[in-house]
Amino acid sequence: MRNIALIAAKEIQESLRNRWVLAMTALLAALALSLTFLGSAPTGTVGARALDIVIVSLSSLTIFLVPLVALLISHDAIVGETERGTMLLLLSYPVSRGQVLLGKFVGHIAILAFATVLGYGTAAVTLAATGAAIDAESWTAFAGMIGTSILLGAVFIAIGYLISVLVRERATAAGVAIGVWLLFVVVFDMALLGVLVVDQGRTISSGTLSALLLLNPTDVYRLLNLAGATNVSAFSGMSGLAGAVALGPAKLLCALAAWTLVPLAAAAMIFSRREL
Amino acid sequence: MTSLVEVSHATKRYGAIEAVRDISFMLEPGQTVALVGHNGAGKTTLIKLMLGLIRATEGHVRVFGEDPAAGGIGTRRRLGYLPESVSFNTALTGREVLAFYARLKSESVDGIRALLDRVGLAKAAERRIGTYSKGMRQRLGLAQALIGRPRLLLFDEPTTGLDPGLRMEFYEIVSELRERGATVVLSSHVLTELEERTERVIIVNRGRLVADGTLDELRRIAELPATVRVSVAQGGMEKVQNLLGAQASIRTFNGHRIEVDATPSQKIDLVRRAADAGDLIEDIDVIPPSLDELYAHFLRKEAP
Chain X
3 MRNIALIAAK EIQESLRNRW VLAMTALLAA LALSLTFLGS APTGTVGARA LDIVIVSLSS
63 LTIFLVPLVA LLISHDAIVG ETERGTMLLL LSYPVSRGQV LLGKFVGHIA ILAFATVLGY
123 GTAAVTLAAT GAAIDAESWT AFAGMIGTSI LLGAVFIAIG YLISVLVRER ATAAGVAIGV
183 WLLFVVVFDM ALLGVLVVDQ GRTISSGTLS ALLLLNPTDV YRLLNLAGAT NVSAFSGMSG
243 LAGAVALGPA KLLCALAAWT LVPLAAAAMI FSRREL
Chain V
-2 MTSLVEVSHA TKRYGAIEAV RDISFMLEPG QTVALVGHNG AGKTTLIKLM LGLIRATEGH
58 VRVFGEDPAA GGIGTRRRLG YLPESVSFNT ALTGREVLAF YARLKSESVD GIRALLDRVG
118 LAKAAERRIG TYSKGMRQRL GLAQALIGRP RLLLFDEPTT GLDPGLRMEF YEIVSELRER
178 GATVVLSSHV LTELEERTER VIIVNRGRLV ADGTLDELRR IAELPATVRV SVAQGGMEKV
238 QNLLGAQASI RTFNGHRIEV DATPSQKIDL VRRAADAGDL IEDIDVIPPS LDELYAHFLR
298 KEAP
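Residue numbers (the numbering used here), protein chains in the order written: chain X, 3 to 278; chain V, -2 to 301.
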């Protein structure tokens, strides 16, 4: 435990020092603020459910940005340190490889959580300060959105580690990471949509569709946030899909947890067998 | 008390490449050992085997009586390692990095100041490692290896690329370590760089152990000829040459210097005969085979 905490603390310290955290928080806050205030133009400033609109737009932002940021900080975690020669020294210390990986994971999650809470929180707090009426239900949905955004980040951090232990060079890791991002964020949904259009509901049942959606963590996130709360789903235009997909929030959260734990465990296993 | 390190018939293969082939040796407490070989001879592989970062394909390695690859915490706390071309995260300061490593070894961070002082980095402690020179990084690498007074230190090419002053300081620290009973392994690709500071030399070539012993023992085994150099007074050249007898390897230089290669058994006789020449000679030097020649001899011997 102590070693995991030490490595996590070092990871956070380094990211604070090289201004990673600052850059990430600023980026998320700037985008969230602009979406909140520019994005509310079509609904007008008297919109009764201002925060719900923000949830819709921020969720869509998260699906693009958080996986990218998570892969950016994680793809180089192992292969980068190995290439720079710092891993060899670290592993000569009384610390196991599993502890190294978990410590980094905890540190990276903490950095991402800090940036998300602060960046998105700024937008919500500013919105409340401008006098928009926000009820408790909206606040809960917003908190849920932040929580699941961090979970989505965890998924892609774990996937990034898996990439990082599988390749031999940093450049390869970066290329694979971009490929994975494109696959989950862009290609998968387009392909699925294409298949659904061609199929016209003849062979793909709603059960199959649910299973297919679980294969993509960003879709799981989308279902959780855009189709979850009734108010939000009305705005997001996802209520139709939400009706067709028979998956409760508990199942969706479990899916995200599985998407985190499986790549993380695989990465730990491969890393501990790898010869340096 | 068993040996501190026991390497027994260790072979390490990477695919078809045999990095280390059937190497055996023991290291005893308090020894300073040089591990010498060309680049790619298997030195780093041997060090990684002793660290437990890789496992032997055949044979076994024991450090402090345990298998280092099993990841025993106790073993690693008593071990210091300086990798070849050591590197650190450049965003942190020297003190921060040492504090991190000290905590990983469950050591108090109070000793850091003294360690930084010892390697001459006290003034740079609060500066980022990004601003350090190569020599300063090497000093920091040495400092982290010394954390927790380890009983076994593995230095991989520690003096490569260091200036002579720094190299002297480095060997001072090594002799302090020896005095307090630590075992030190220094690897190098040139024997001369070790400046006869190690009591034992292990030479590896192409993954095989080709020599293991003290420098004197190696010299005896190698039976390399020493060079006897005689400075001859004006006009005495011929006489002295006759005195020394017909030597195959005799060489004369600009009429007043003679050099003869002599095996250890011939040496005394040659010097005696030269001394008989009395006033005809001005000076006699006996030059023992250099470390480079000794090293080259063992590498040649191994070549197929």
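The set of hints was computed from the structure by calculation and includes no laboratory data. Keep in mind the model is a prediction, meaning the values are calculated, not measured. Mixed in with the good hints, there may be bad ones.
[Claimed, not checked] Every beta carbon over 10 Å from chain V, so not counted as near; a handful from chain X, in silico:
id	residue
1	Gly87
2	Gly133
3	Ala145
[To be verified] FRET-style restraints, in silico, Cβ to Cβ:
id	chain 1	residue 1	chain 2	residue 2	range
4	X	Val264	V	His57	31 to 41 Å
5	V	His6	X	Ala28	52 to 62 Å
6	X	Asn20	V	Tyr11	27 to 37 Å
7	X	Asp191	V	Ala13	37 to 47 Å
All residues carry an ideal CB built from backbone N, CA and C; glycine is no exception.
Each hint tested on the structure:
1. Gly87: Check fails; 4 Å does not lie beyond 10 Å.
2. Gly133: holds (42 Å)
3. Ala145: holds (33 Å)
4. X:Val264 / V:His57: 31 to 41 Å: holds (35 Å)
5. V:His6 / X:Ala28: 52 to 62 Å: 59 Å Cβ-Cβ, so the 52 to 62 Å window holds.
6. X:Asn20 / V:Tyr11: 27 to 37 Å: holds (34 Å)
7. X:Asp191 / V:Ala13: 37 to 47 Å: Check passed, 46 Å falls within 37 to 47 Å.
Checked against the numbered hints listed earlier, the structure breaks hint 1 alone; every other hint is satisfied.
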